[in-house]
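Number of protein chains: 4
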Amino acid sequence: MAVKPNTRIETDPGVGSSYRHKTKRTINHDGSFNVKRINGEFTMRDAYLFLVRIPWWLFLLILLFSYLLFNVFFALLYLLAGIEGMSGFEGNHSWISDFLHAFFFSVQTFTTVGYGSTSPMSLGVNLIATIEAMTGLLSFSVATGILYGRFSRPTERILFSDKLIISPYKNGNAIMFRVMNGRSNILMDLNINITLGLNDSSKQGYARKFYRLNLELDNIKYLPLSWTIVHPLDENSPINGVDPSKIPEMDGELMITISGFDDTYGQEVYRRFSYELNEITIGEKFKRNFHVDDEGYLILDQKKLNDTETISLNK
Amino acid sequence: MAVKPNTRIETDPGVGSSYRHKTKRTINHDGSFNVKRINGEFTMRDAYLFLVRIPWWLFLLILLFSYLLFNVFFALLYLLAGIEGMSGFEGNHSWISDFLHAFFFSVQTFTTVGYGSTSPMSLGVNLIATIEAMTGLLSFSVATGILYGRFSRPTERILFSDKLIISPYKNGNAIMFRVMNGRSNILMDLNINITLGLNDSSKQGYARKFYRLNLELDNIKYLPLSWTIVHPLDENSPINGVDPSKIPEMDGELMITISGFDDTYGQEVYRRFSYELNEITIGEKFKRNFHVDDEGYLILDQKKLNDTETISLNK
Amino acid sequence: MAVKPNTRIETDPGVGSSYRHKTKRTINHDGSFNVKRINGEFTMRDAYLFLVRIPWWLFLLILLFSYLLFNVFFALLYLLAGIEGMSGFEGNHSWISDFLHAFFFSVQTFTTVGYGSTSPMSLGVNLIATIEAMTGLLSFSVATGILYGRFSRPTERILFSDKLIISPYKNGNAIMFRVMNGRSNILMDLNINITLGLNDSSKQGYARKFYRLNLELDNIKYLPLSWTIVHPLDENSPINGVDPSKIPEMDGELMITISGFDDTYGQEVYRRFSYELNEITIGEKFKRNFHVDDEGYLILDQKKLNDTETISLNK
Amino acid sequence: MAVKPNTRIETDPGVGSSYRHKTKRTINHDGSFNVKRINGEFTMRDAYLFLVRIPWWLFLLILLFSYLLFNVFFALLYLLAGIEGMSGFEGNHSWISDFLHAFFFSVQTFTTVGYGSTSPMSLGVNLIATIEAMTGLLSFSVATGILYGRFSRPTERILFSDKLIISPYKNGNAIMFRVMNGRSNILMDLNINITLGLNDSSKQGYARKFYRLNLELDNIKYLPLSWTIVHPLDENSPINGVDPSKIPEMDGELMITISGFDDTYGQEVYRRFSYELNEITIGEKFKRNFHVDDEGYLILDQKKLNDTETISLNK
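As you go down the protein sequences, you meet chains F, B, P and Z in turn.
Heads up, the first sequence is in my numbering, so the first residue is 1 and it goes up one at a time.
Heads up, the second sequence is in my numbering, so the first residue is 316 and it goes up one at a time.
Heads up, the third sequence is in my numbering, so the first residue is 631 and it goes up one at a time.
Heads up, the fourth sequence is in my numbering, so the first residue is 946 and it goes up one at a time.
Possibly wrong hints are sitting among the right ones.
Unchecked claim - Restricting the straight-line Cα-Cα distance to at most 27 Å, the calculated cross-link-like pairs of lysine-lysine (DSSO-like) are: (1) F:Lys-285 with B:Lys-600; (2) F:Lys-22 with F:Lys-246; (3) P:Lys-917 with Z:Lys-1108; (4) F:Lys-163 with B:Lys-351; (5) B:Lys-351 with B:Lys-337; (6) Z:Lys-1115 with Z:Lys-969; (7) Z:Lys-969 with F:Lys-209; (8) P:Lys-915 with P:Lys-945; (9) B:Lys-536 with B:Lys-600; (10) P:Lys-800 with B:Lys-600; (11) Z:Lys-1108 with P:Lys-934; (12) B:Lys-339 with F:Lys-303; (13) P:Lys-917 with P:Lys-839.
Treat the hints as calculated values from the structure; they're not laboratory data.
All figures in this text were calculated on a predicted structure; none of them were measured in a lab.
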């Protein structure tokens, strides 16, 4: 399929330009790359990032599980040091009751709740409790840090329309999609940047060429509503001249980066996204997704981000 | 009313340019937009941002209420598990005294104060206390994070004069307002940017056009005092030629963004604000709001930000 | 004294340009402005910033004092609720022993240490303890936040030489001073910017004009050693033609801003400083303040930042 | 050895340009400078930075040691105040058993675990415990802050190939090395900047000249894989014309800075590195260090960063 020859070919944006085999899309909808690393090193920092990024239910499960495991571990230490080194335990000394006694003593030490109904008497138990109380406080320090990290890490929830469409635009047609801020804060000074990667399998292996796409508007001051991104299929487009109905058949990917200033965190946020050309729907246009209510408020309906209607393309 | 035709019309800054009905002003004095979102998703992050942004009295009330609710919840669990599983409780077992006993035991566990006058005896109570002590510590971890977030989030308190005035300026006149830092730290490298949105209701529905306003000075190195922002009504103004006394009758809004570097937080801060043209007062000028005291200090009187005196305009 | 007329006059950097009375220098050596604010509002945020900026000894004193005050306050509440509502207190009920008993019970509750030798029995004492334990934990949360803020706030310790000198430079002379990083981390991409404010008292009141000074080098990639800043007194200087020996007699101030990237905090840091022209020493040059040791290390002697030797100026 | 004369000589990047003796390389592989400071001041901030930067094992050892030391210190205070002021201690009063009793009481107070098996009775012990409980909580606050600082400080792990090679490039040859992100997050908008420092010992002492090196590509949008940095030895190179085999014999150092945006921390990260010219291997090229697996994933093998094969240079 003919790609317009005189369009500037961008150098590799860093994702490689030739492969021996066919690859997956470069960037997924969640912004991650389809790259796996092997033989890397795993550090405390990676553990922190892992715990900061996983969903809440998993994070809480890991917390609970670690908490129980810690206490089981220390309970076994206390049993080793001798259950008779703890006060407040009379009655039946079965294995299970000894363990439970040691376990709850461990809990009371680890959390520093220390009721005192059980308290350490022997040197061994006292020493273990000394270490456990410190470990407990530090563990909750770490948990505090990770919890704060989970909340305070500047992240964005920029939503992209599921639909990538070709619509009439001026005298011609254009590729369009729509973005919206999924949070209630205001993003400012947004910039968008789209690179089209086109695969070519005619040679030995797979080669990819990269083109920067021209946009009707590539920055916007505020994003309180939604923003429709428009790449006109005109003479500046690398796929100018290709029949719109053939574009979804091309093997290509739009790699998108949006950046903006998040005034809640006082920091720059970035969002990566990608569409494959085969996701294109032809001959639709986006319906307005906000209205004005009786009081004069603009009402933005987040569910309508994907609402389109059919329309015929320009020739 | 005639708007100067050859002034550059800025593209939509992201707030929409046509509506079916008349809308409220775009940006409020507190920088928020008159946009409401429906059908959005509410996440932990939104909860965090909510708790970070609400006023202190409300935040403390929510903390106190959650604390009591938590303890009531666990008190009920302990009652369910059997009050006889706690030591240290002799005497009249009325419903209310049982509940109070369980409630205070819960408090002692949740806060890890654990006096031990009451302590868990049964397996059930022990298990619940195990969970509660952990929950308690994590809750205070979360509270620590939110408290820190409330303090440390880089925010600004840039104050705008209530008054938007038209004053004589050089041989003509100018629209002016005044800003000041409401905090005692120093903002640096400030930039200001004003977009005038003019509504036009002559067509089907409401249309809005946007003009970037020329300023006498749009950046300043430091802001220890106040800063008077000046838009000269000269040939570069989109409303050049409009009689000053008619400007307040126009349906328009000045959308303002100030950014600067806050050396306390080491971060960029942003402030949005807006004036509607009908807020303009004609024929006033700002009075000096600082003086030099006997020791040579500049004394900035924050109350005088709005002080003006009348003056006749230039023709 | 003649100031070269064709030098670009910089617009007001934001510090005012006319005063009724003589003012102090604009910027102090610690970077603060000689501006006092009156009629301002004091918020929690200002309290936070106050506690983050004060010296350590004062901060710890305030912590200790607040801690004692809190416990005295709660001790009085417990006394009000009735000392007999606490267990573990037998013996002489003098006023002082009652107070001490209540005070130490308060400490044990506030810190959640809760030995249990004293524990709450009555409803009143239980309720107060419920509030105190929560208050205690939150207070330590706040203290944690402030402590972390004190450590983690990106600050710099860029040191300026006490001496501002006029030295020979190329065929002429130059105003020079020297800066150094007082911390062991590396600052990168430093920029410096100097504005000369010259006062003129010949008119009604005091007027000030501002000139941006040309520098031999106004940015530097790294600052592992020291950096000598050089303003050549050539035809681009606003005080070109003034006899060097007369410069210290001029009423002027060099307002200096240095910015750089601190790789420890991953943030931009700023430093303000100023010299008054009467601080100038004429006919000195800076001595090298580092040497190479036997192993090939560069040894930077922080004490030698101010070391100069006399030298005669060029004509 | 002839250095091409018409290449722009960069001004000193801030590391000095003349020395009395031969110096070590300027920048080490870990990005630190071979500069030692003497007569500097050591502040709390430096202590914080020290604790944030040391390896985990050392940090945990220091924590444990401080914890024990603190408790030994308070144990001695309690002994001084009189062991009889603590309840719960009957039996043999040897020196060692008294100390252990006081030590474990201190632990229970410091960590606020407060079992109550031992509790303060005398005024002296109560007062010391009042201070210790507060100190304990604040110490854990500080530990929380430092732990959080260790995790959350935006750092990078950009890896550089051990090998610096000269490879054929187009019709000539080029100096090349390879970088990779050692973490699983994605770095964006990377910039690289290389300064060549060439030493000249022919004069009195040692002089150094600095040249900015031209690169085939000095920025890249994403870094999911690795990036080969290429300095062509063409007419724009300061060492153009030098026989490649002689380059390793020159006394020079490549000082490298990479910056990029880390989307996990929402901040800019910087990495310094250097190669000495004598680290060059001649006539090798980098082997591809990733492949495509059956599912289409790109597999990046971090161990292959240094893999090269021999190749003959262009003339």
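Taking the hints in turn, this is what the structure says about them:
For a cut-off of 27 Å, the pair hint linking F:Lys-285 to B:Lys-600 is broken: about 51 Å separates their Cα positions. Distance restraint check for F:Lys-22 and F:Lys-246: the Cα-Cα separation of roughly 21 Å lies within the 27 Å cut-off, and the hinted pair is therefore satisfied. Between P:Lys-917 and Z:Lys-1108 the alpha-carbon distance is near 40 Å, which puts this suggested pair outside the 27 Å criterion. A hinted pair counts as satisfied when its Cα atoms are at most 27 Å apart, and F:Lys-163 with B:Lys-351 qualifies at roughly 24 Å.
The straight-line distance between the Cα atoms of B:Lys-351 and B:Lys-337 is roughly 16 Å, inside the 27 Å bound, and the hint therefore holds. The suggested pairing of Z:Lys-1115 with Z:Lys-969 is violated, with an alpha-carbon distance near 35 Å, which exceeds 27 Å. Distance restraint check for Z:Lys-969 and F:Lys-209: the Cα-Cα separation of roughly 45 Å exceeds the 27 Å cut-off, and the hinted pair is therefore not satisfied. Proximity of P:Lys-915 to P:Lys-945 is assessed by CA-CA distance (about 16 Å); at most 27 Å being required, the pair is judged to hold.
With a C-alpha separation of about 24 Å, the suggested pairing of B:Lys-536 with B:Lys-600 holds against the 27 Å cut-off. Distance restraint check for P:Lys-800 and B:Lys-600: the Cα-Cα separation of roughly 51 Å exceeds the 27 Å cut-off, and the hinted pair is therefore not satisfied. As the CA atoms of Z:Lys-1108 and P:Lys-934 are separated by approximately 40 Å, the hinted pair breaks the 27 Å bound. A hinted pair counts as satisfied when its Cα atoms are at most 27 Å apart, and B:Lys-339 with F:Lys-303 qualifies at roughly 23 Å.
For the given pair, P:Lys-917 sits about 34 Å from P:Lys-839 by alpha-carbon distance, which is inconsistent with the 27 Å threshold.
Figure legend: structure checked against the earlier numbered hints; hints not met, in rising order: 1, 3, 6, 7, 10, 11, 13.
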